[in-house]
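Chains D and E are the protein sequences, given in the same order. Those letters in the first sequence? Residues 589 to 860, by the numbering used here. Those letters in the second sequence? Residues 12 to 212, by the numbering used here.
Treat the hints loosely; a few may be bogus.
[To be verified] Chain D regions said to be covered by chain E (calculated; three or more residues, Cβ under 8 Å):
id	stretch
1	649 to 663
2	738 to 752
3	763 to 776
4	832 to 842
For the record, the hints were derived by calculation from the structure and aren't laboratory data. All of these numbers come straight from a predicted model, not from anything done at the bench. Positions of the beta carbon are idealized from the N, C-alpha and C atoms, including for glycine.
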Amino acid sequence: MSFLSKLQNIDRRVIYVIVLLALAIPLINPLGIPLSISPLTEDVYNLVESLQPGDVVLMSLDYSPGGSPDVHPQAVAVAEHLYKKGVKMAMVSFWDAGPMYGEQILKKYEEQGLVYGTDVVNLGFVSGGETAIRQFGFDVPGTVKVDFRGKNTAGMPIMEGIKDARDFALVIDFVSGNPGINEWVRQVQGPLGIKLAAGAVTVNVPQTMPFVQSGQVLGLLQGLRGAAEYEILIGVPGTAAAGMDAQSLGHMAIIAFILVGNIAFLLDKKVK
Amino acid sequence: MNISSNPWVWFSAFGMIAIFSFAFKENPIYRAFEHLYVGSAAGYAIGVNIDNIVKRAIRPILQEGEFVLIIPIILGVLLYARFFKSIAWLSRWSMAFLVGIGSGLSIYGVVNSQFLAQIRATMIPLNSVNNVVMVFGVLSILLYFFFSMEQKGAIKHSASFGRWIMMVTFGVSFGNVVMGRISLMLGALQDILGGWLGLLG
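Okay, chain E solo, but in the shape it has when bound (with noise of 0.2 Å):
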């Protein structure tokens, strides 16, 4: 056993201990490192976006003359219009221009790489079980969204097929978050275990 002496180690491994401690009961101590997490990661953010802003707006203006970035600054500066009940509709063009790009940007991009691209991915040739499964899992899946027909017949059964496929789709979702959690969890065990308590070879 080699316990850290490094005093930020002490801190991680208490603050993580304090966090964990809401899984038996809601206590002030995890409040307490609740807000601390809160107040620094917001801290941490804001830090970063100002020297983000300094970096690649202001130095550019000041220092090599790019006015062109005053724009996209005074758009950025008429969001927070919107305190200020006389002035609030000049936050409408900023966030006119906001939703115009990332719409044009997002709808071709969507249509193009998601759509497009992943029906020609299924289009495959049938042969093996792989393509089979999911060829037919597409389709029905399809048909169980399919509603300007009764399902009754072979359509009842396809689209019930379907409902089977999205089941399994749904617990490989669940599975694959627990996975992903019980990693979350080691991580900070690892660190409590080994960074600070030094048990771990």
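With the rest of the complex left out, here is chain D (with noise of 0.2 Å):
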């Protein structure tokens, strides 16, 4: 075999390795690689940055851990600056696997005074998917009668004046596939007309954009990078940032790779 041929059928394992060592080793000693902030992000901050201490606002956390590593530094670094901004966090989550990332993100906060029942709760999973979501929207106490913890929603003074979900200041979805902001979109945004931004696991982003663009959905977080422009907007560099050096050379790598490989295909084209 030629090497122009061998260039050409690089054995998988080689590039896994590879991969692995430009993922790991910026990990381990960070190269500082500059971030830009994009535009989309920032209107998600914007929207945080003016809402009112009292406000209550939705996250619904809308994935599962297979897409936890992309989605879950988002909700982490929105609720960080909800908690900065004073607002009162209610969670809900339509995939079942959701109320277990609200308690990790709730049990920071109550260890920080925040009092369970008036500054945060987690409502725990709805099942239904699209309906639930409907149901949800227009019928908030209705829907979620006892929380995560078995608690009854009723006497709560988080949920004090939440009829519908147009009472709460702003709805966030934090989603890595269906149900999620699709369902948010046209069963509770497009018919009760609410202010709702989204958090979307990378691969789901070009299809989120059309309602960014048609302004259905005012902001948009796009997977761990969009965590990590969070994170640095808001003043606390977490974990997503501490991984945009290595998502940089991860692509590097993975360019390199297709370029060496046409290259050698067109070469080797040339030769024959």
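Put the two chains together into one complex; each comes in its own frame, and the hints tell you how they fit.
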């Protein structure tokens, strides 16, 4: 096999090892590659920044362990911003794994003094997909009479005045698939005209962009990069920002493989 | 280096390494952890759903007398009738209900929010490069899928432009998929290098 043929048929294990090294080395020794802030991330930041202390924001945690490395850091960063602003956080999920992530986020803020039921609440998982999102959007207290911890939501101060999704100052859907942003837009945002933003797993970004362009979704965090940008905007660099060097180097490694393979293919064709 | 002393962190790290080992070769350790993952995910889902039924259906019926909830419970139980040949037809009632409600909700939502709203969003002034690309991109892609007229002359060129726009879109989608997969890998590496081995600051 000629050298050019070998370049076109690199063993996949070699590619895995090189990509692994490209990701691991900058994680251990950060390179400090600059990170620009996307206007869509700024839109989400500005939406949260415009909220007043005491407002209630709904975080819809619609992701599972498969998408959580991409989406959960977004939810963590936005929750930190909400906490700093004194905004109350209600969490709900239309994915069964969602409440688990809600508890992870709330644990930190309860330790810092926020009162469950007054400042924060985890409304838990509502089964039924698109139908459940519709039902929740139109009748919040009727859909979640009991929260994830088994407590009645009726007497909770945070739920006072909440009848439908319009009563939340902002709804942010953190999503890695369906049901998610499509369902929120067509079942709740469209009919009720709520203020809706999203944090999407990177794979879902292209399908969410039309909603941003049309103004149905007011801001969009795009995968881990969106989380990193948000962490930088709120001045609390976390795990997402720490991973951006590695992500850049990982992309460079993949681009290099694509270029090498194609150049070898063209040269090989010319030689033959 | 500050290795974690939490046995669950060790277990989680071994699980991730076992799953990653598939990249090199299929092996029994990978298979064991794959089955463990599928089993635990299914168990978690069943647990959460049973909890959901108890909290949102059984308890309201028994404690608050909301007997109307018996109707969806019956419809749900009827879904399992398909496992018994003699009464399998009963499951069609539940399916008919689900399909009817699902279609009704989706059709309204899709037409209103994903069809009309998107058409409105494309009716924009041609006062910037972005707007021009978007409007002509949409029109040319629609022409590409217009089969009532032979594609020649101006229509052919426009449809060809539409094909290029679609190719760029597919490229963007693929780029996002690569970026997403790298992010997932990064999440696992941060758990292994940071949470387990304590190598990250």
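Non-conforming hints, listed in increasing numerical order
Structure breaks hint 2 only.
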